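Student: One-letter residues, chain by chain:
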Amino acid sequence: MTSSITDDASRRQILTELEALRKEIYGLKIKNYTILGIGVLIFILGIVFDVLIPVILSGIAIVIYGFVMISKAGPREIQYRHSYKYALVTHALKTIDESLQIDSTQALSEQTFISSRLFSKTPDRYHSEDQVYGVAGKTKFSFSEVHAEYKTVTQTKNGQRVDWHDILKGIVFSADFNKNFNGTTMVRPKDFSAVFGAWISTALPIFSSGEVVKLENPDFDKNFVTYSDDQVEARYILTSSMMERICELNNRSKETISLSFTGNLVFIAFPLSGNYFEPPFSKSLMDEALLQKDIELVQFMYAIITELDLNTRIWGKN
Amino acid sequence: MIIGAIILVVLILLGISIYNSLIAKKNQVNNAFSAIDVMLKKRFDLLPNLIETVKQYMQYEEGVLTKIVELRSRSTSPNISNEEKLEIDKQLSSAVKGLMINIENYPDLKANQNFLNLQSTWTESEEQIAASRRAYNSSVTDYNNAIMMFPGSIFAGMMNYQQITVLANTEEERKNISAKELFNN
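Protein chains in written order, with numbering that gives the first Met the number 0: chain A, 0 to 317; chain B, 0 to 184.
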């Protein structure tokens, strides 16, 4: 896919312009950070060797100058990021499907993340960016990068220590589901906390957010715990074939995925470590493998519609 | 003396807990069957509309239509057992499927919007019934495990609780139901 990146004339022109901008920004970055480094070095040496105050002050002045230069280069950097996403990434997305768009100002809102009930924990710190959206066949879908964290506070001798833990660092995919339903069904990885939660839910239903649904597929049961506020509806959604498809999708992902079905949408969370759709600064844009990682991600997300058979709308939902 | 009293209290609490849990599981089975019942009723209620729409076009399918009407009236008769209801549903499914297969011979009917809606609702109800049967089977398995395992088996014997048979899935339900297969052959 990316091998054709320099074949197309318009794309080549975009690439050439962007590459010139990248070189300019990269040069500026090196220059500005070198100035900043020299300023810091003069300041430290001035302190360590107890030299004249003017030397220390000149160190501080150079540091300030460095920061001013870095902030002045900011708008150029924003312009570069913007052009990269809107011109280059969009161009590449169109090679997969004409309907695909990227919007770096849009993201999965924290409210939607919480109401999706993909995870039981509510985030204390949340960031989401780069929404890609489109239509595959009859199915509208979108996905965004999400980093959601919760904090723990522990008492130490010196006071309190705050630690941050990931709820999810990766991608949240959402799509129109092919069946109508009213309740919420959650499919979560079968780790220790989920197994404990499931036990609590069965033994003491008063503490649970939904009943555990015991499903018949052993492979599915090995990887996931399912909760729902409607036992029949959960099985209406998770048919035998849907469970097999989810297992296949899960096998293609490095870490166990989480799913939720609510408001006639399906949400899928993929834990991923990479940062996607970000332009390179030190590497050339003419690299053949430039967008490979991003394109592979989009292709993977696009294929979910087919993998989960979401375009087969035979149940009265058109 | 005190230790004996504590053991007695613990045993009584344990007994109450097992007793209540068995009753809850039995009720869950009944509840799960009610869900199937609701779905079956929903499906049986579709039939008058379906027959009304179809009979204007399918003059040559008189036999099938009569059979569907007869099954539908049997389903509404009082004092019908759960097993009979399921058996009627099975026969109805097969009769309606037979009817739908011949749809190609009636292009006017195939273009009728009301019929198309009924088709979709009928297929949706197939899926819902399959889901409620699976939910029922899950409750039955839970209940059977509880009455067969120690110490629940002792209480089940005293309460005269019997094992319940799970519902066998029909061939149609085992595979993914496809409208294409059902209607466009």
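It is possible that part of the hints are untrue.
Claimed, not checked - Computed list of lysine-lysine pairs in BS3-like fashion (alpha-carbon distance at most 27 Å, straight line):
1) K168(A) to K221(A)
2) K25(B) to K96(B)
3) K213(A) to K89(B)
4) K24(B) to K221(A)
Calculated from the structure, these hints are not laboratory results. Computed from a predicted model, the values in this text were never measured in an experiment.
Student: Compare the structure with each hint and give your call.
Tutor: Checked hints:
{"no.": "1", "hint": "K168(A) to K221(A)", "in the structure": "23 Å, holds"}
{"no.": "2", "hint": "K25(B) to K96(B)", "in the structure": "35 Å, violated"}
{"no.": "3", "hint": "K213(A) to K89(B)", "in the structure": "25 Å, holds"}
{"no.": "4", "hint": "K24(B) to K221(A)", "in the structure": "25 Å, holds"}
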